[in-house]
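Number of protein chains: 2
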Amino acid sequence: MGEEMNNKQVILNNYVKASVKESDMSLRTSKIQLKIPSGCDGAVLVKNLYLSCDPYMLSRMKKLEGHYVASYTPDSPITGYGVSKVLDSSHPNFKTGELVWGGTGWEEYSLIKDPSLLFKVQDKDLPLSYYTGILGMPGMTAYVGFFELCSPKKGETVYVSAASGAVGQLVGQFAKTAGCYVVGSAGSKEKVDLLKNKFGFDDAFNYKEEQDYNAALKRYFPDGIDIYFENVGGKMLEAVLNNMKLFGRVAVCGMISQYSLEQPEGVHNLSNLITKRVRMEGFIVSDHYHLYPKFLEMVVPLIKEGKITYVEDIAEGIESAPGALVGLFSGRNVGKQVVAVARE
Amino acid sequence: MGEEMNNKQVILNNYVKASVKESDMSLRTSKIQLKIPSGCDGAVLVKNLYLSCDPYMLSRMKKLEGHYVASYTPDSPITGYGVSKVLDSSHPNFKTGELVWGGTGWEEYSLIKDPSLLFKVQDKDLPLSYYTGILGMPGMTAYVGFFELCSPKKGETVYVSAASGAVGQLVGQFAKTAGCYVVGSAGSKEKVDLLKNKFGFDDAFNYKEEQDYNAALKRYFPDGIDIYFENVGGKMLEAVLNNMKLFGRVAVCGMISQYSLEQPEGVHNLSNLITKRVRMEGFIVSDHYHLYPKFLEMVVPLIKEGKITYVEDIAEGIESAPGALVGLFSGRNVGKQVVAVARE
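Those protein sequences? They're chains B and C, same order as listed.
Taken in order, the first sequence gives residues 1 to 344; the numbers are from full-length UniProt numbering.
Taken in order, the second sequence gives residues 1 to 344; the numbers are from full-length UniProt numbering.
Careful, some of the hints might be misleading.
The calculated label-pair distances, taken between Cβ atoms and stated as ranges, are [what the hints assert, rightly or not]:
| no. | chain 1 | residue 1 | chain 2 | residue 2 | range |
| --- | --- | --- | --- | --- | --- |
| 1 | C | GLY155 | B | LYS294 | 28 to 34 Å |
| 2 | B | GLU190 | C | GLU22 | 43 to 49 Å |
| 3 | C | GLU262 | B | GLU305 | 52 to 58 Å |
| 4 | B | SER320 | C | VAL69 | 54 to 60 Å |
| 5 | C | MET298 | B | LYS95 | 40 to 46 Å |
| 6 | C | VAL69 | B | LYS294 | 18 to 24 Å |
| 7 | C | MET298 | B | LYS294 | 53 to 59 Å |
| 8 | C | GLN211 | B | SER19 | 28 to 34 Å |
| 9 | C | GLU22 | B | SER19 | 50 to 56 Å |
| 10 | B | ASN14 | C | ASP223 | 48 to 54 Å |
| 11 | B | SER116 | C | GLN211 | 42 to 48 Å |
| 12 | C | LYS304 | B | HIS268 | 40 to 46 Å |
Derived EDC-like pairs (lysine to aspartate or glutamate); straight-line CA-CA distance at most 20 Å [said to hold, decoys possible]:
| no. | chain 1 | residue 1 | chain 2 | residue 2 |
| --- | --- | --- | --- | --- |
| 13 | C | LYS153 | C | ASP203 |
| 14 | B | LYS235 | C | GLU238 |
| 15 | C | LYS176 | C | GLU297 |
| 16 | C | LYS218 | B | GLU265 |
| 17 | B | LYS154 | B | GLU108 |
| 18 | B | LYS245 | C | ASP287 |
| 19 | B | LYS35 | B | GLU3 |
| 20 | C | LYS235 | B | GLU265 |
| 21 | B | LYS47 | B | GLU4 |
| 22 | B | LYS95 | B | GLU108 |
| 23 | B | LYS235 | C | GLU262 |
| 24 | B | LYS8 | B | ASP287 |
| 25 | C | LYS8 | C | GLU22 |
| 26 | B | LYS8 | B | GLU156 |
| 27 | B | LYS189 | B | ASP202 |
| 28 | C | LYS17 | C | GLU265 |
| 29 | C | LYS85 | C | GLU344 |
| 30 | B | LYS245 | B | ASP202 |
| 31 | C | LYS47 | C | GLU3 |
| 32 | B | LYS218 | C | GLU65 |
| 33 | C | LYS124 | C | GLU98 |
| 34 | C | LYS294 | C | GLU312 |
| 35 | C | LYS8 | C | GLU316 |
| 36 | B | LYS235 | C | GLU265 |
| 37 | B | LYS245 | C | GLU65 |
| 38 | C | LYS235 | B | ASP202 |
| 39 | B | LYS63 | B | GLU22 |
| 40 | C | LYS47 | C | GLU65 |
Note that these hints are calculated values from the structure, not bench results.
Cβ atoms here follow ideal geometry from the backbone N, Cα and C, with glycine treated the same way.
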């Protein structure tokens, strides 16, 4: 039968409208048998170790139709990326005791009925939490958006917004490995210092101290921007379009400044796409997971040789999860926001 | 010395601010020697036969910095594309009596000091005016934007705005040759009839009769749009983004609805680029003229076999040129707007 355990879960109370507050979620303790129930062929039962707080989760909290991911179900635990340990498995690819990362529930234990978004943890020498970040979805996001969509060339200029976040800090470091000149923006002095002193950005600025994004970008890119890795949207995107170089590329990864608005800001200068022959392309990392082995081959040696670094902001305990997720949208986190639920 | 002739010219009086009126231009008669002056090596002297009215010309009438084309000079004749006959040449590639198309002045005779944007008329069996349209810059624009940027596949759905214009009518016909389903929009019943009955669009609508572009597009594309050939911008682009399919492509050719506005409309839903993995790419045809021979190889047989057709709106006489150009921005023209200055 398996041991019956208490299972603390993060529940979505109701669909959210624009922004999310901690009170939109609640903690509930339910019971779970630590054994795959009969009739659940192909399932995996896991203990969750780390949960990943990602901006896209806000859209799943809304009642959306035709979105690329389904809305969460109110009164049920939310789901996301995490790192977990397999406690029981009826799936041939996964064995008890293995470590995995991928789609799981925001709870202490999860019965994953469809493990198609589970990957095995390949390298246990590196911090396990990295599989919510540099070695997981955000790492792949930075890799795909920067290398696959933007085809960077040595000497090109790169601008990254939300640059100290889970994805941005990697884009900047990847840009340096590609021989580019990279400037990042973030929302505090502490984050700007990280960009310049820890992640090796050529320059960085605090967007909250800039009255005029257009003027700021002209200062940092007097000859214009070849590649923009778009994480924020709105007015910043508008300023960037004014400052793109001919044949520039914009990888549209996210627009975090817009997700909490009732009405997103308008972008009024898209004619720059024509005059500057700019390509702007949106992407979803899950379309590109076939590149994961190639990505690991590149990134693991860079980490081990100390050529690339990763900063995490780890909240302790599942009780801290709602606050950690909400904090993403005010930029409270410094580095990748993770929730440590348990440590093996 | 060459004969001295009167030379009627279309003069830009002053930079325009937002929209253009006929009174922003005036006609002036100057004198010209029909011979290349000494010291003008590499120049070509032409008699202009047809002048092309193109939307991009409005931006050249404004005082813009860092634009892809230079602003016109007030109190001088404006320039554009045209079809001309060589009267004298000090350039090895062009001979007296030859017909050419490309960059020329809005006047009866032009001394073209830099003929790098002149092409020889290849096929004299077809109407000469076609070199301002289907066989010239607009033809290449339709070809490059549709085939090179959008890589259409058989069975895909294509939406073209400003679909009866110089470029749009061709995009629709190219889409049919590629086995696509194509719907166009235009601004009058007459134009919609042309789209359906002459150009073979699968369907068409009058955007001026639609209160809600979003609803209109849902009606014509219940399963969404794979390819959008963007000629208008603003609210229509916003509605299209809501109706794009996954992995859709937007070739951004022009935004004619925006050029005459003091402040362009905002596009508020660019996050569709992410959720739908849409690629949106601006282009300028002059970057792609190396493809012109390949284009002619495709399009000339299609015209001769009657598989593709072209509608022109020809204004007679250089005196009609300012009105013809201004008419573009209110959609007065039906088909490609040309000015016939002389007929050989």
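Comparing the hints with the structure gives:
| no. | hint | in the structure |
| --- | --- | --- |
| 1 | GLY155(C) x LYS294(B): 28 to 34 Å | 32 Å, holds |
| 2 | GLU190(B) x GLU22(C): 43 to 49 Å | 60 Å, violated |
| 3 | GLU262(C) x GLU305(B): 52 to 58 Å | 55 Å, holds |
| 4 | SER320(B) x VAL69(C): 54 to 60 Å | 57 Å, holds |
| 5 | MET298(C) x LYS95(B): 40 to 46 Å | 58 Å, violated |
| 6 | VAL69(C) x LYS294(B): 18 to 24 Å | 42 Å, violated |
| 7 | MET298(C) x LYS294(B): 53 to 59 Å | 38 Å, violated |
| 8 | GLN211(C) x SER19(B): 28 to 34 Å | 31 Å, holds |
| 9 | GLU22(C) x SER19(B): 50 to 56 Å | 51 Å, holds |
| 10 | ASN14(B) x ASP223(C): 48 to 54 Å | 32 Å, violated |
| 11 | SER116(B) x GLN211(C): 42 to 48 Å | 44 Å, holds |
| 12 | LYS304(C) x HIS268(B): 40 to 46 Å | 45 Å, holds |
| 13 | LYS153(C) x ASP203(C) | 19 Å, holds |
| 14 | LYS235(B) x GLU238(C) | 17 Å, holds |
| 15 | LYS176(C) x GLU297(C) | 18 Å, holds |
| 16 | LYS218(C) x GLU265(B) | 24 Å, violated |
| 17 | LYS154(B) x GLU108(B) | 46 Å, violated |
| 18 | LYS245(B) x ASP287(C) | 15 Å, holds |
| 19 | LYS35(B) x GLU3(B) | 8 Å, holds |
| 20 | LYS235(C) x GLU265(B) | 14 Å, holds |
| 21 | LYS47(B) x GLU4(B) | 13 Å, holds |
| 22 | LYS95(B) x GLU108(B) | 19 Å, holds |
| 23 | LYS235(B) x GLU262(C) | 18 Å, holds |
| 24 | LYS8(B) x ASP287(B) | 32 Å, violated |
| 25 | LYS8(C) x GLU22(C) | 16 Å, holds |
| 26 | LYS8(B) x GLU156(B) | 48 Å, violated |
| 27 | LYS189(B) x ASP202(B) | 16 Å, holds |
| 28 | LYS17(C) x GLU265(C) | 17 Å, holds |
| 29 | LYS85(C) x GLU344(C) | 7 Å, holds |
| 30 | LYS245(B) x ASP202(B) | 19 Å, holds |
| 31 | LYS47(C) x GLU3(C) | 13 Å, holds |
| 32 | LYS218(B) x GLU65(C) | 14 Å, holds |
| 33 | LYS124(C) x GLU98(C) | 11 Å, holds |
| 34 | LYS294(C) x GLU312(C) | 24 Å, violated |
| 35 | LYS8(C) x GLU316(C) | 14 Å, holds |
| 36 | LYS235(B) x GLU265(C) | 14 Å, holds |
| 37 | LYS245(B) x GLU65(C) | 14 Å, holds |
| 38 | LYS235(C) x ASP202(B) | 39 Å, violated |
| 39 | LYS63(B) x GLU22(B) | 18 Å, holds |
| 40 | LYS47(C) x GLU65(C) | 32 Å, violated |
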